[in-house]
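Trainee: Next come the chains, spelled out residue by residue.
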Amino acid sequence: MTELIPPFDFQRVFIEPWTLDWRVFLWVVLMGFFVAAACGLTGVYLILRRMALVGDAISHSVLPGLAIAFLAGSLAGGGTVAGGESHDLRNPTLMFIGALAAGVVTTLLIELIHKKSRVKQDAAIGITFSSLFAIGVILISVFADKVDLDADCVLYGEVGLVASHPFVQLGGTELAPWPVARMCLVFLATGGLVLAFYKELLVSSFDSGLAASLGIKPGLMHYALMCWLSVVVVSAFEAVGAILVIAMLILPGATASLLTHRLPLIFLWTLAHAALSAVAGLHLAIWLDCPTAGAMVVAGAGLFCAAWVFSPSQGLLPGLRRRLSAAKVEAPQFDDAGGVSPGNPATPVARR
Amino acid sequence: MLRQPKIWLLFALLLAGLLPAEAAKIGDLTDTNVLDQAWRFFSLRDPSLRAVLLGSVLLGVTCGLLGSFIVVRKMSLMGDALSHAVLPGVALGFLWNMTKDPVAIFIGATIAGLLGTMAVYAITHTTRLKEDTALGLVLASFFAVGICLVKMIERLPTGAKSGIDKFFFGQAAALSTEDLQLMTGVTTVVIAAVLLCYKELLVSSFDPGFARATGLPTRLLHHGLMLMLAAAVVIALQAVGVVLVSAMLITPAAAAYLLTDRMHRMLVIAAAFGVASGVLGAFLSFLGNNLPTGPFMVLAASFLFGAAFLFGPRHGTVARWWRQRSRSQRVERENLLKAIFRVLEDREFRGEGATLQELCALRRETIEQIRQAVRALRQHGMATFDEAGEAVYLTPEGWQRARAVVRNHRLWELYLTNEAKIAADHVHADAEEIEHVLGEEVVRQLEKGLAYATRDPHGRIIPSSAEILQDDPGRRPAEGMVGYGRKT
Chain D
1 MTELIPPFDF QRVFIEPWTL DWRVFLWVVL MGFFVAAACG LTGVYLILRR MALVGDAISH
61 SVLPGLAIAF LAGSLAGGGT VAGGESHDLR NPTLMFIGAL AAGVVTTLLI ELIHKKSRVK
121 QDAAIGITFS SLFAIGVILI SVFADKVDLD ADCVLYGEVG LVASHPFVQL GGTELAPWPV
181 ARMCLVFLAT GGLVLAFYKE LLVSSFDSGL AASLGIKPGL MHYALMCWLS VVVVSAFEAV
241 GAILVIAMLI LPGATASLLT HRLPLIFLWT LAHAALSAVA GLHLAIWLDC PTAGAMVVAG
301 AGLFCAAWVF SPSQGLLPGL RRRLSAAKVE APQFDDAGGV SPGNPATPVA RR
Chain A
1 MLRQPKIWLL FALLLAGLLP AEAAKIGDLT DTNVLDQAWR FFSLRDPSLR AVLLGSVLLG
61 VTCGLLGSFI VVRKMSLMGD ALSHAVLPGV ALGFLWNMTK DPVAIFIGAT IAGLLGTMAV
121 YAITHTTRLK EDTALGLVLA SFFAVGICLV KMIERLPTGA KSGIDKFFFG QAAALSTEDL
181 QLMTGVTTVV IAAVLLCYKE LLVSSFDPGF ARATGLPTRL LHHGLMLMLA AAVVIALQAV
241 GVVLVSAMLI TPAAAAYLLT DRMHRMLVIA AAFGVASGVL GAFLSFLGNN LPTGPFMVLA
301 ASFLFGAAFL FGPRHGTVAR WWRQRSRSQR VERENLLKAI FRVLEDREFR GEGATLQELC
361 ALRRETIEQI RQAVRALRQH GMATFDEAGE AVYLTPEGWQ RARAVVRNHR LWELYLTNEA
421 KIAADHVHAD AEEIEHVLGE EVVRQLEKGL AYATRDPHGR IIPSSAEILQ DDPGRRPAEG
481 MVGYGRKT
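For the protein sequence lines, the chains are D and A, in the order given.
At position 144 of the first sequence the residue is numbered 144 (the numbering used here), and the sequence of numbers has no breaks.
At position 336 of the second sequence the residue is numbered 336 (the numbering used here), and the sequence of numbers has no breaks.
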């Protein structure tokens with residue numbers, strides 16, 4: 001056990017990253033933040049629409065799309081992946097097309113299975129994504145020399161290595177590593193889309209009938225969201241892999257919705273959760289010497305648990321205290337209202 | 001329960017019938033090397049191969065049986081969450097004495113799986129987060145913890161070559177004797193539990209409210225099922241891998257769900273499908289070098305599901321499409337019969353058969369469309385053309401059917417105006433729909449309820465059932481009736 005968990009050394013875990021080699025760690029943290037924030041912002045809508053597991057499905061089924069895109073890229077490039085030259089085969093356009101196609105195919109297949117037969121939606125999701133993921137894994141292992149992906153990358157990504165990628169050059173100065181710059185762009189685009197279509201997304205998520213009567217097509221919004229989800233997932237794929245991206249999609253939004261009921265505040269908390277889990281995850285990864293993406297998710301899950309226990313409005317602990325104090329105050333008829341506090345027992349009346 | 005012998009019969013049939021056909025197909029396509037491999041597979045010379053086969057059979061049975069219950073309980077994705085959530089348990093079980101000790105891993109993984117399901121339960125019951133969010137949360141968080149643990153173990157000097165990474169995508173070739181013993185044990189327990197608690201599981205799956213009302217411990221059943229599910233996931237891990245175990249639970253059961261409406265049959269079919277996809281997957285991955293077993297098993301299961309989805313006798317897409325098509329064709333035919341009747345009626349049944357021109361005018365269609373439709377009628381022996389091909393005569397069968405459809409239409413119109421008090425000019429559209437589906441019994445009731453009325457709300461005659469029955473095709477038509485009966 002002592003070998004497994006390295007001794008905790010404050011100097012090594014918290015000070016050295018920011019004094020010795022701070023550039024590398026800055027890029028890792030930024031990448032983690034951009035991934036978690038872009039995924040988290042999209043994920044808020046998945047949670048609201050009760051489609052969290054469709055996100056799960058799409059994050060799995062992006063894999064065959066990517067594998068086929070790489071295959072096509074290597075066929076077009078006319079060569080196999082040889083050592084360090086692999087980067088050229090990752091044609092971003094093909095990757096995006098592949099991912100979009102995979103996302104749309106997943107959405108359509110789920111709908112096809114669940115509308116055209118009596119199989120329920122949850123089973124349809126499970127069947128669709130597992131088949132597509134299996135195809136992806138087989139493609140990767142059969143064409144291992146042509147597809148620049150390996151099982152490790154699928155499982156947990158390589159966010160820890162972003163700083164080793166070539167940098168974006170602008171006017172002679174090095175701006176940022178390519179993956180970070182790309183992810184930053186995706187994050188900004190996600191933020192822009194959320195702001196631009198705030199009303200449409202809000203209405204169609206909460207009341208599709210009202211949305212339709214306002215001239216917003218719920219079906220169109222659904223497919224647009226799924227397409228954007230595929231784009232976000234494929235951008236995050238390299239960094240966190242196919243499975244951990246689900247955590248990036250759901251954890252920030254779920255934590256935020258434990259803390260507040262207002263959508264704008266949920267977005268702010270989502271960003272805060274993304275930033276905190278990126279920083280905490282990095283330090284955790286340094287301490288335990290484990291994959292950075294995994295550690296970021298573990299940190300994010302820790303934050304979720306903290307919110308679950310301590311959230312002022314819905315947490316377990318404040319809820320317990322409220323129940324205890326409500327039991328002491330003699331206002332039995334308001335016991336179930338939940339908002340009884342010893343200071344002003346009259347409030348629930350007003351609420352009623 | 002009484003169908004135990006059938007299970008084994010089905011298995012034997014599947015093993016004997018399905019696989020060699022598949023093997024021949026693959027052999028044709030690729031070179032002799034693959035053929036040799038295929039021969040090696042079926043000759044069962046390899047002891048490790050026998051282990052793989054036995055393993056996939058056990059796995060298929062367990063997953064099929066438990067999968068059926070989670071599919072009908074609409075908890076399919078609980079299997080998915082569970083399969084990811086066991087990973088930290090696998091890692092900790094491995095850590096117990098730094099070997100792949102099946103028992104330690106089994107215990108650790110089962111505990112982790114149960115913790116996962118309890119976490120889902122706790123999140124959905126104490127927060128306002130919905131079940132899908134809770135499942136996704138637990139799945140990904142547990143998996144992340146597992147990934148970190150596995151990587152930390154691999155970093156250890158003893159862990160580097162442990163093969164713990166094989167748990168991700170499965171390596172059926174690595175099944176050991178202890179693994180098989182464990183799988184046999186779990187399969188036996190699952191089969192016994194399903195046989196013993198069949199009724200309880202059935203009731204609590206389909207009607208939880210009723211189950212609670214009759215005093216069944218539904219929550220205990222739920223947790224018991226989860227425990228068995230966790231155990232099934234763990235024994236399937238070695239062969240299929242963490243990521244794809246859920247497919248072995250969901251897909252065969254969903255395919256079986258498409259083929260039958262009875263739970264006991266679904267259990268048998270799901271188990272058979274599970275075995276078939278397990279063996280097929282093991283075979284396909286055996287053909288290549290170092291191919292992962294899990295994805296092939298999953299693809300085989302998806303293939304079976306696709307076949308059931310398309311060609312299932314009752315719920316299959318093709319069967320459904322065929323039914324819809326023949327129904328809409330029948331409706332088309334009956335509408336034309338009705339039009340012919342109307343044409344004849346407007347002439348008070350005098351003169352020769354209805355001409356195509358008249359039908360065109362009534363149906364507002366082109367002469368070619370009408371000709372096409374009459375050909376369909378002729379194929380069904382309900383109408384004939386005259387020599388010039390310009391007029392239509394009904395055969396006795398066609399005449400009887402035409403009158404029956406018109407009767408249905410007018411009876412329904414009368415019923416709507418008299419009994420439902422709907423204005424007479426609003427009833428036509430509804431009658432257009434229902435005239436094709438009214439059964440004989442309903443028609444009799446309608447006639448009786450309407451006191452055998454002879455006129456519809458628009459003043460037209462309603463042919464009565466008694467008359468139509470008298471026009472039995474075997475008998476001679478009534479005297480003076482024209483417009484039908486000339487066979488060419």
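Derived from the structure by calculation, the hints contain no laboratory data.
Here the structure is a predicted model, which is why all the values come from computation and not from measurement.
Hints should not be assumed to be uniformly reliable.
[As the list claims (entries may be wrong)] Simulated pairs of lysine-lysine, DSS-like, Cα-Cα distance not exceeding 25 Å:
1. Lys120/D to Lys448/A
2. Lys199/D to Lys130/A
3. Lys421/A to Lys448/A
[Stated by the list, open to error] Quick partial rundown of chain D residues pointing at chain A, CB under 8 Å, derived from the structure:
4. Ile138
5. Ser141
6. Cys153
7. Gln314
8. Leu317
9. Pro318
10. Leu320
[To be verified] Anything over 10 Å on all C-beta distances counts as not near chain D; from chain A, calculated:
11. Asp80
12. Arg128
13. His315
14. Glu332
The beta carbon of each residue, even a glycine, is placed where N, CA and C say it ideally should be.
Trainee: Now look at each hint and say whether the structure bears it out.
Mentor: Hint-by-hint comparison with the structure:
1. Lys120/D to Lys448/A: violated (44 Å)
2. Lys199/D to Lys130/A: The hint holds at about 23 Å.
3. Lys421/A to Lys448/A: holds (18 Å)
4. Ile138: Since the shortest Cβ distance to chain A is 5 Å, the answer is holds.
5. Ser141: This interface hint holds because 6 Å falls under the 8 Å limit.
6. Cys153: violated (12 Å)
7. Gln314: This interface hint holds because 6 Å falls under the 8 Å limit.
8. Leu317: Hint violated; Leu317/D Cβ to chain A Cβ min 11 Å, cut 8 Å.
9. Pro318: Violated, because the Cβ-Cβ distance from Pro318/D to chain A comes to roughly 12 Å (cut-off 8 Å).
10. Leu320: violated (11 Å)
11. Asp80: violated (6 Å)
12. Arg128: violated (7 Å)
13. His315: violated (6 Å)
14. Glu332: Check passes; 24 Å lies beyond 10 Å.
Consistency with the previously given hints fails for numbers 1, 6, 8, 9, 10, 11, 12, 13, ordered from lowest to highest.
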